[in-house]
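Take the sequences, apply the hints, and build the full model.
Chains as they are written, first to last, in our numbering: chain A, 58 to 355; chain B, 58 to 355; chain C, 58 to 355; chain D, 58 to 355; chain E, 58 to 355.
Since the hints were derived computationally from the structure, they do not count as laboratory data.
Every clue listed holds true.
Copies of one chain are not kept apart here, so a pair can be met inside one copy or by any two copies together.
Within a straight-line C-alpha distance of at most 20 Å, the following computed EDC-like cross-link-like pairs (lysine to aspartate or glutamate) qualify:
1) K277 - D104
2) K277 - E99
3) K326 - D113
4) K233 - D166
5) K233 - D164
6) K277 - E109
7) K277 - D113
8) K277 - D116
9) K277 - D103
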Amino acid sequence: MNKINIPLDIPLAKRSLYERRINALTKNTGRLFIFAGDQRVEHLNDDFFGPEIPLDDADPEHLFRIASSSRIGAFATQLGLIAKYGSSYSKVPYLVKLNSKSNLVKDEDPYSAAWYDVRQVAQFAKNSKLNILGVGYTVYVGSTFETAMVHEAAQIVYQAHQEGLPVLLWMYPRGKAIQNKADAHLIAGAVNVGVALGADFIKVNKPDDLSPHSYLEIIKAGGNCTGILFAGGAASNLDDLLNTIYTQVHRFGATGAALGRNIHQHSLKEAIALANAVAAIIYDGQAPEAARRLLLKN
Amino acid sequence: MNKINIPLDIPLAKRSLYERRINALTKNTGRLFIFAGDQRVEHLNDDFFGPEIPLDDADPEHLFRIASSSRIGAFATQLGLIAKYGSSYSKVPYLVKLNSKSNLVKDEDPYSAAWYDVRQVAQFAKNSKLNILGVGYTVYVGSTFETAMVHEAAQIVYQAHQEGLPVLLWMYPRGKAIQNKADAHLIAGAVNVGVALGADFIKVNKPDDLSPHSYLEIIKAGGNCTGILFAGGAASNLDDLLNTIYTQVHRFGATGAALGRNIHQHSLKEAIALANAVAAIIYDGQAPEAARRLLLKN
Amino acid sequence: MNKINIPLDIPLAKRSLYERRINALTKNTGRLFIFAGDQRVEHLNDDFFGPEIPLDDADPEHLFRIASSSRIGAFATQLGLIAKYGSSYSKVPYLVKLNSKSNLVKDEDPYSAAWYDVRQVAQFAKNSKLNILGVGYTVYVGSTFETAMVHEAAQIVYQAHQEGLPVLLWMYPRGKAIQNKADAHLIAGAVNVGVALGADFIKVNKPDDLSPHSYLEIIKAGGNCTGILFAGGAASNLDDLLNTIYTQVHRFGATGAALGRNIHQHSLKEAIALANAVAAIIYDGQAPEAARRLLLKN
Amino acid sequence: MNKINIPLDIPLAKRSLYERRINALTKNTGRLFIFAGDQRVEHLNDDFFGPEIPLDDADPEHLFRIASSSRIGAFATQLGLIAKYGSSYSKVPYLVKLNSKSNLVKDEDPYSAAWYDVRQVAQFAKNSKLNILGVGYTVYVGSTFETAMVHEAAQIVYQAHQEGLPVLLWMYPRGKAIQNKADAHLIAGAVNVGVALGADFIKVNKPDDLSPHSYLEIIKAGGNCTGILFAGGAASNLDDLLNTIYTQVHRFGATGAALGRNIHQHSLKEAIALANAVAAIIYDGQAPEAARRLLLKN
Amino acid sequence: MNKINIPLDIPLAKRSLYERRINALTKNTGRLFIFAGDQRVEHLNDDFFGPEIPLDDADPEHLFRIASSSRIGAFATQLGLIAKYGSSYSKVPYLVKLNSKSNLVKDEDPYSAAWYDVRQVAQFAKNSKLNILGVGYTVYVGSTFETAMVHEAAQIVYQAHQEGLPVLLWMYPRGKAIQNKADAHLIAGAVNVGVALGADFIKVNKPDDLSPHSYLEIIKAGGNCTGILFAGGAASNLDDLLNTIYTQVHRFGATGAALGRNIHQHSLKEAIALANAVAAIIYDGQAPEAARRLLLKN
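Shown next, in the form of structure tokens:
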């Protein structure tokens, strides 16, 4: 994504609002760092309580404490949490994740409907005076419920754009028809669907083949008007994490990253420092080593 | 739950109404005792008529008679019953349980839709002039119908908050994917979902492992803005019941309890005395022995 | 059901209308006799044409001829029939049966949606100037479609009450989960569901165990604000029929009966006489022998 | 059907319009001849192109050419076709067939939803100024989708009557539960359902047993206010066809016939002559031999 | 399709708009060339990235670059793409393809719902000021979801015509009931369904039997008021492609062609030249050899 492109389904009266929100998300760089905090539903308590996880993470407020002290583009989480904690964390930039499901049912093709319609989010943004910068929605491409989900995604993009709200789509190949959900060609196909849906940003998982050729296919599929974010995935080695993000963004042309566990499964102080190191890479273009040093200073 | 926290999805004009209702439910203590009377649907007549159950309980009015003479936070039951008996029991604090299903179908994943939308409950509250303090809804986390239910729960919370109505969610892991519905880690996960949905109070069943570590995980997951209530479950020994409630609330930090069978499967006089003993523990912080003595005096 | 109890979901402006309709149905006695004429859908032509059935019954107008000359509380049938024959039978008290299904599909759990919404019935009542005294709906408790049906029933009660219309629910345990649909404990459970739905009257089938204990459980479950009607069932011996109705109503405290085949499978003259004999038992409290004599006089 | 009976679900303001339409359909005789032209969907191209079918029939306009030159009560076909050809055939009396499905899926119980709602048909009638005399809908009685279809049929009748539009229901027993769809007793049951739905006319297939007793049961079930039409079925011998129609209508009391293939699978000239011969039998009461002679003259 | 026929479901006020759009699509010839660009969803990235495909095609903008420099009737693609790229390609004639699905799920009967309703497309056309000439929708005839799709198609045609928008239906036999989706008789049947739905244009695949008799049946089924377009299908030899299009249109009477892969799987310059060669055949009636020479000159 090279330029701010205002889609034509945004009404004239909402174009500058949309542009301001894009600029806030990207800190005027065209790049984006999302702090993903929707996993209390997606992964239930697996990511938040356990022998290797600091007790800080057991409390839902931990995510808000991190978000309020880090240089993130937006904190993506459910509206119910934002409503409950928003009055204490009113400066955080939020992205409302519209759908979420638990990981309990494993042998059926996945489906997850939006919990709210966009009109309700817009009403909430207005009434709460919170800094809501966008909405998000996951599409399971290849699920037997794909039709329902692409329909809902299309409606969300259309209606969010009517409200001047940018949209981030999680485009995930899932279901019995999917043999390898990390196949680069398939991920590029999922990007195609997200682009056709009019997403402003698309979050995908890393391909299993980390070659430049794989990244080329995926990022090319995003075209010039849609930003590609890569997920952090299961907690990884710190050096690997910073190097990977740098390479994805500054070598292959990705728009940014969306990280959850890699950040919040630390004590508050460490989590904030780590989030700021990632921000330095994505927004300031710092090299991984510089970001690493920044982190150690904290 | 330590403080009254007014969620930001409650419109300005409804904030003091919401606060008054929370204060009425909690009797200004931050704690809550629900008298659960929705089982005439959930358990059909099994809990209400039988050799060991006093004949008083066969009549639906028994529940109202108890509710009207006890110091409960609210009597949770179906709107149809409230509409029929409300004119004779107009001082009872009610919580409208929005969904209920019978226990007959056992080999399919459970689903239960709301019988009314929140707007109808608000209209009913206004027209009937009854003291409706909130609404309730059960979510079966892990059911193949989880998606439909979390969607409906999210809408109920959003719309109830628009009306200044607090929401109690029954968060129950159920369905073929659930191996142990009393697993503390799983219950904490169900709490996570309820918190993300924006519930004001969450009712869960007791974990099978009654260790402090289990309670810690579950109650931590509730965070600072959402109250956790434990169900009474199948009728238990009186001393155990009072001790358990005391421990859950005053040692582990639970917000309260929701009891049904343990109360109503007694003659009217005993049921009222028992409800008041529980109220003394929850609201007044009396020790179980003191509550027990109170009970014997009746 | 001992008294006229005006449910609180009936708006103030409709309370006297509701009361008038209840009084018309019960002829100011608190008791009710329904002439059930919805079986042309439920049983197709099995009940209406055959070697043992008088040819009168082959014509849909037979039901209207009976209804217009008998002292019934209401004739329950489909709106389409009422619309077609109503101009010739404008004095009949009608109860619009909202859902009906044929008996052809036998190996799936039953479901039957309302054909009309209550608003349409109210509009029809107003435009047609017919004497519509209530609406009816069947719930199959224990069917895998129970959730859809209790939702629809709750909405019908709520909306009918908004229009000042009493509601009769047919509460029938059905589906693969049901081992004995005539079990008294199960029927009492079905009554519980109907009471929680806010029904004014509930029609159930007779239990297989006709003991006072069975009737006690079923009728107690109805409580003080909801009337229990028993179905006549397959055509039975005349003496048995009259004795059973007398016993159910005047010994066990049932509110009345709903009869179909037992009435209409006779020539017009006999059918009218029989309906009037039943009315004499239910409304006037006549003994079966007296009603029998009344019948022979015709 | 002996008299024009204006159903009471027709608003006062639409009663004369309804009556005019009934009179137009029946040419003031109380009898009805429908030219059924919905099979281009139902039978795809099987009835319209093949070695034994004149090439005229391959073009959809063939049906309009026949309809515009014959003395039919109405030409029943889909709204899309009427919209396309209506400006060239503006004098034809139309009946909009609301639902249609192809014959490709054979091993599932059938279901076919209405393509339009009645309000759209009424809007189309008004805007197009075409002579729309009614609407039609097929119900598959005994299908596992029966519930959805009877609900939709009831709504169509109710709403069509609100617009002063007569309704013809195709009542067809279909699905795995049906052992013999041509059983007279079952067809009479399907008629019962159509009558309860408030249909003005009901189209059924001929029973396999063509005895007077079978026709008696079926036609009696229609009662005095609903007309029974028999389908022509697979193309049959001309003499048989004319004799059968005469007997059904003038001996057994059927209201008329609905013919498709028997008419359109001829060259235009023959088709028109044949339609007019059928009209002479139905509307003028001519004997089959006289109609036959009329046909030969053309 | 021989003449501009304005369907009667187009309101008077929109007739000239509809006519202008038809004239723009057909360049006043009654013939139509669609550049089909919806496959980034339908075929994911298979058609766009691979060893035999120029890298140009990996970028979604490639399709817009071709469309903006070729003499096409319309570029058919998803609204999201049009919204994103429309401001840079504001002169392109667009046809909004309303439904699309990926090719991942292979063992279930296909279903694909419209992503937007027609009202939204009309609103988008107005707000964006783009040159939207029509809408498109795929129907899978013979799928177990056929009923849902023909209902949706009927609604789309009706509502598009209300807005003065022409409709192109992709009529594709698909699903387990289909033995040979390229059977000419079956394709003609699918055309029948599209004509009954009121489509202005119908896109079908080529029959496997390319005889004049096959084309006769298919094109006759379209009648005089509905245009038949043939798909290009998998990339074919250039001479074959041009010859086939010429024969279909100028020998058999087809209305035109809809091509995707055959065009876009070339470098930009070649793709534009090829599109213009096809336009010369379809719109100008040039012979394939002349079109071929035109192509070589580029």
